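Working from the sequences, and respecting the hints, build out all of it.
Number of protein chains: 2
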Amino acid sequence: MSQTPQRITPRIFKGTRDFLPAAMIPREDILETIRGAFHRYGFAPLQTPAFEYLEILTGKSGGEADKLIYNLAYKGGDELALHYDLTVPLARVVAQYPDQLPLPFRRYQIQPVWRADRPQLRQGRFREFVQCDADIVGVDSTLADAEIIALTAGVLADLGFGSDQRRFVILVNDRRLLSALTAWAGLDPQTELAKVCRCLDKYDKVGRDGVEAEFDRERVPAEAVHRLLRLFDLGEAAGGAAAAEKLAALGRYAAELRPALDELAALFAALEALGVPDERWSFTPWLARGLDYYTGPIFESVLPAKPHIGSLTGGGRYDGLVGRFAKRDLPATGTTIGIDRIFAAMEQLGMITERPSRTRVLVADFGPETRSASLRLAAELRRAGIDTEVYLEEAKLGKQFKYADRLNIPLVALIGPEEAAAGTVDLKRLADGRQVSVAAEDSVDEVRNLLAG
Amino acid sequence: MSQTPQRITPRIFKGTRDFLPAAMIPREDILETIRGAFHRYGFAPLQTPAFEYLEILTGKSGGEADKLIYNLAYKGGDELALHYDLTVPLARVVAQYPDQLPLPFRRYQIQPVWRADRPQLRQGRFREFVQCDADIVGVDSTLADAEIIALTAGVLADLGFGSDQRRFVILVNDRRLLSALTAWAGLDPQTELAKVCRCLDKYDKVGRDGVEAEFDRERVPAEAVHRLLRLFDLGEAAGGAAAAEKLAALGRYAAELRPALDELAALFAALEALGVPDERWSFTPWLARGLDYYTGPIFESVLPAKPHIGSLTGGGRYDGLVGRFAKRDLPATGTTIGIDRIFAAMEQLGMITERPSRTRVLVADFGPETRSASLRLAAELRRAGIDTEVYLEEAKLGKQFKYADRLNIPLVALIGPEEAAAGTVDLKRLADGRQVSVAAEDSVDEVRNLLAG
Numbered sequence: 001m002s003q004t005p006q007r008i009t010p011r012i013f014k015g016t017r018d019f020l021p022a023a024m025i026p027r028e029d030i031l032e033t034i035r036g037a038f039h040r041y042g043f044a045p046l047q048t049p050a051f052e053y054l055e056i057l058t059g060k061s062g063g064e065a066d067k068l069i070y071n072l073a074y075k076g077g078d079e080l081a082l083h084y085d086l087t088v089p090l091a092r093v094v095a096q097y098p099d100q101l102p103l104p105f106r107r108y109q110i111q112p113v114w115r116a117d118r119p120q121l122r123q124g125r126f127r128e129f130v131q132c133d134a135d136i137v138g139v140d141s142t143l144a145d146a147e148i149i150a151l152t153a154g155v156l157a158d159l160g161f162g163s164d165q166r167r168f169v170i171l172v173n174d175r176r177l178l179s180a181l182t183a184w185a186g187l188d189p190q191t192e193l194a195k196v197c198r199c200l201d202k203y204d205k206v207g208r209d210g211v212e213a214e215f216d217r218e219r220v221p222a223e224a225v226h227r228l229l230r231l232f233d234l235g236e237a238a239g240g241a242a243a244a245e246k247l248a249a250l251g252r253y254a255a256e257l258r259p260a261l262d263e264l265a266a267l268f269a270a271l272e273a274l275g276v277p278d279e280r281w282s283f284t285p286w287l288a289r290g291l292d293y294y295t296g297p298i299f300e301s302v303l304p305a306k307p308h309i310g311s312l313t314g315g316g317r318y319d320g321l322v323g324r325f326a327k328r329d330l331p332a333t334g335t336t337i338g339i340d341r342i343f344a345a346m347e348q349l350g351m352i353t354e355r356p357s358r359t360r361v362l363v364a365d366f367g368p369e370t371r372s373a374s375l376r377l378a379a380e381l382r383r384a385g386i387d388t389e390v391y392l393e394e395a396k397l398g399k400q401f402k403y404a405d406r407l408n409i410p411l412v413a414l415i416g417p418e419e420a421a422a423g424t425v426d427l428k429r430l431a432d433g434r435q436v437s438v439a440a441e442d443s444v445d446e447v448r449n450l451l452a453g
Numbered sequence: 001m002s003q004t005p006q007r008i009t010p011r012i013f014k015g016t017r018d019f020l021p022a023a024m025i026p027r028e029d030i031l032e033t034i035r036g037a038f039h040r041y042g043f044a045p046l047q048t049p050a051f052e053y054l055e056i057l058t059g060k061s062g063g064e065a066d067k068l069i070y071n072l073a074y075k076g077g078d079e080l081a082l083h084y085d086l087t088v089p090l091a092r093v094v095a096q097y098p099d100q101l102p103l104p105f106r107r108y109q110i111q112p113v114w115r116a117d118r119p120q121l122r123q124g125r126f127r128e129f130v131q132c133d134a135d136i137v138g139v140d141s142t143l144a145d146a147e148i149i150a151l152t153a154g155v156l157a158d159l160g161f162g163s164d165q166r167r168f169v170i171l172v173n174d175r176r177l178l179s180a181l182t183a184w185a186g187l188d189p190q191t192e193l194a195k196v197c198r199c200l201d202k203y204d205k206v207g208r209d210g211v212e213a214e215f216d217r218e219r220v221p222a223e224a225v226h227r228l229l230r231l232f233d234l235g236e237a238a239g240g241a242a243a244a245e246k247l248a249a250l251g252r253y254a255a256e257l258r259p260a261l262d263e264l265a266a267l268f269a270a271l272e273a274l275g276v277p278d279e280r281w282s283f284t285p286w287l288a289r290g291l292d293y294y295t296g297p298i299f300e301s302v303l304p305a306k307p308h309i310g311s312l313t314g315g316g317r318y319d320g321l322v323g324r325f326a327k328r329d330l331p332a333t334g335t336t337i338g339i340d341r342i343f344a345a346m347e348q349l350g351m352i353t354e355r356p357s358r359t360r361v362l363v364a365d366f367g368p369e370t371r372s373a374s375l376r377l378a379a380e381l382r383r384a385g386i387d388t389e390v391y392l393e394e395a396k397l398g399k400q401f402k403y404a405d406r407l408n409i410p411l412v413a414l415i416g417p418e419e420a421a422a423g424t425v426d427l428k429r430l431a432d433g434r435q436v437s438v439a440a441e442d443s444v445d446e447v448r449n450l451l452a453g
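Chains S and A, in that order, are what the protein sequence lines are. Taking the working numbering, the leading residue of the first sequence gets 1, the next gets one more, and so forth. Taking the working numbering, the leading residue of the second sequence gets 1, the next gets one more, and so forth.
Mixed in with the good hints there might be a few duds.
Copies of the same chain are indistinguishable here, so a pair counts whether it falls within one copy or spans any two.
As the list claims (entries may be wrong) - Below are the DMTMM-like pairs computed for lysine to aspartate or glutamate, each with C-alpha atoms no more than 20 Å apart in a straight line:
id: 1; residue 1: Lys75; residue 2: Glu380
id: 2; residue 1: Lys67; residue 2: Asp78
id: 3; residue 1: Lys14; residue 2: Asp340
id: 4; residue 1: Lys396; residue 2: Glu369
id: 5; residue 1: Lys428; residue 2: Glu380
id: 6; residue 1: Lys14; residue 2: Glu79
id: 7; residue 1: Lys14; residue 2: Asp432
Note that these hints are calculated values from the structure, not bench results. Please read all numbers here as calculations on a predicted model, not as lab measurements.
This is the structure:
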């Protein structure tokens with residue numbers, strides 16, 4: 001307090017963001033909707049520290065993740081870093097509290113994560129972003145995967161995605177099918193599956209011929225390529241009967257594929273029973289997904305009308321990962337809900353109403369004489385559950401109305417000297433200029449009328 | 001994936017915490033209640049990055065805050081650190097987006113903050129904790145302070161604090177009164193007010209005589225001490241008439257106190273008009289609060305029945321702080337809501353029901369034959385908005401009931417081969433063992449009955 005510091009230019013680090021109310025209010029609404037869906041599907045919340053021991057986050061061997069991690073410059077001698085995902089913390093928690101977490105553990109977790117990446121703001125890649133994960137740990141049954149897909153469909157439907165431009169499709173496949181196919185093509189899945197997935201993963205950008213060229217570039221033998229490309233022959237199939245037919249067709253290619261196809265058939269049956277509409281998912285046999293650790297069903301959801309946005313959600317089964325800190329392997333499946341992409345999609349589809357404030361009524365100020373009456377009205381509106389602001393100083397009415405207008409507050413309540421003397425309140429609706437005068441005791445009802453109208 | 005790392009002991013850094021579902025569910029409920037109150041009082045949400053430029057957080061001169069800060073070991077050359085409060089980010093935001101934030105700006109912000117402190121887990125001091133702040137920037141009127149106090153009362157009432165053991169009181173005072181009193185005692189407020197506040201701040205722990213001894217130790221002249229101690233002569237006063245009387249009594253001590261007393265009178269009048277009940281606040285003229293930066297009204301809320309918990313909320317006016325990055329001074333007032341203390345108090349007062357899950361119904365699994373019927377039931381319950389889990393693999397019924405019991409799931413729904421054939425569902429309520437069999441199409445209604453009963 002003793003020295004006046006030079007003025008410092010207000011700014012933030014590239015790749016991080018401020019969310020001012022106009023952006024934050026719809027984000028809050030979206031998160032609340034998602035949380036509601038998580039609860040309906042029986043998922044429970046978990047929260048873990050923002051920073052953890054470095055060796056927990058990266059494993060003793062360090063590795064790829066290391067480069068993405070923000071380390072802390074902590075003087076206490078402990079090596080600490082900000083978490084870069086929520087899967088590692090989940091794995092730690094499951095191992096750390098075995099007695100407090102009965103399996104299967106259905107948890108969701110909504111927290112920021114940090115990646116020391118080069119930010120690409122246009123493509124929505126940030127150094128700080130909120131991750132929103134739902135996972136089921138401790139069951140290897142396909143039912144768990146079906147629950148995750150049903151949850152995804154539930155979340156997107158609750159958010160308002162569904163038909164026309166807002167139509168979403170959850171693409172479903174299984175790494176075990178890709179693995180069996182790799183073997184059928186004469187390649188060793190142990191060593192070649194990652195490469196096959198990498199090539200297939202480019203389909204969205206380069207198409208079938210592009211994938212073929214990619215296989216060639218990766219020196220996959222022509223005979224194997226021929227068999228791998230059979231995946232594309234049948235096209236994509238919507239859920240339900242079409243998906244079942246395609247399973248049968250693939251089964252006719254080779255008996256080796258059948259065990260994987262049976263798993264998919266069980267998954268599809270569960271999806272139907274769980275009420276996921278056929279048109280909300282598709283069997284997409286070339287879906288591969290980027291990451292190495294998937295071991296079973298994989299899925300991601302897309303908006304056919306907005307392909308450039310990319311997948312809104314993505315996940316799959318990853319049985320090898322969560323047991324990392326435990327004394328035993330733990331099967332797990334789950335999905336990430338991409339809040340930033342969902343927000344971008346909803347904005348582009350006109351599903352977001354910009355709201356700089358939630359306030360429904362601004363009670364104007366007419367100076368000390370009538371202030372008590374104004375404040376009393378505000379208190380009454382709040383008691384009735386109506387989000388209410390009080391204008392906090394004497395000012396020209398024009399200025400107060402301008403404030404209400406800038407914040408999109410729909411109603412202004414006025415108690416000037418005349419109204420105070422008469423025991424009335426003037427209510428003015430900004431959208432159409434409608435103004436009514438009511439007895440003070442009727443103000444809550446009339447406010448509700450005007451807000452509803 | 002190629003090497004199997006040695007098992008790493010799962011653990012977290014001291015002073016950070018995991019919130020498992022049983023703790024997280026009531027915390028979520030508390031935060032939602034608080035958010036609801038914020039909206040009702042017209043506050044809008046703000047979110048800022050977890051880390052910022054170090055010079056923003058500490059000012060060019062560095063200073064006290066420096067010691068509390070976690071710096072990042074960032075290789076990009078920028079000096080970055082985790083924020084240690086939400087007030088500095090608020091000050092930055094107000095200066096950075098002047099055109100997007102009409103004043104007065106009423107914002108709330110609920111985010112973790114980090115302090116490289118020695119953690120004292122018993123006293124609830126952590127290295128990572130959630131801060132929950134509500135502030136009004138841009139108005140110097142006492143009305144803004146009254147709104148913050150009314151909001152505080154609203155938040156605590158919404159959480160269930162009120163009468164008997166749960167009674168809360170918001171202590172109110174004004175730094176300007178303490179400043180005028182310091183001057184009246186013959187001391188220079190510019191140089192001595194901080195010391196006077198420091199001594200008064202010990203009253204809770206050492207009482208009136210202890211404060212007197214403290215003044216002596218600080219070499220405050222006896223004549224000044226005599227005048228300063230007059231503060232205690234009148235005792236604490238509940239809100240309303242008693243508070244007004246005490247203002248009048250203080251006014252009779254010395255005319256120099258009157259301007260400050262007039263400000264308090266306006267504040268008290270606004271509290272009354274805003275519907276804050278008299279018994280929910282008290283004029284506590286020796287309330288000083290620890291921090292240096294307060295410039296006007298100060299307030300904190302306590303539970304008289306649980307004094308060891310300390311204050312649940314605390315705040316005041318701090319007109320010098322928010323303008324730090326702006327080209328002009330900006331008046332501001334606000335409060336912090338102490339989530340951890342509130343949670344501790346609610347736990348001790350039996351206001352928290354431990355809930356490891358929100359799920360209301362577990363649909364049991366009887367194997368592949370009846371699985372579709374079970375899943376269909378789950379889908380129907382979810383469509384009806386009932387939080388429902390599906391047991392995810394074939395297991396003995398005893399194991400499935402034990403799972404429901406451990407998660408406090410009140411109802412188990414069973415569709416075995418007989419029920420599936422008859423088109424019925426068995427519903428069993430765990431609390432009293434009541435079991436009913438209903439036609440499948442009536443299951444939603446009967447589930448609602450059993451959950452309500």
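State the violated hints by number, sorted upward, taking the hints as numbered earlier in the document.
1 and 7
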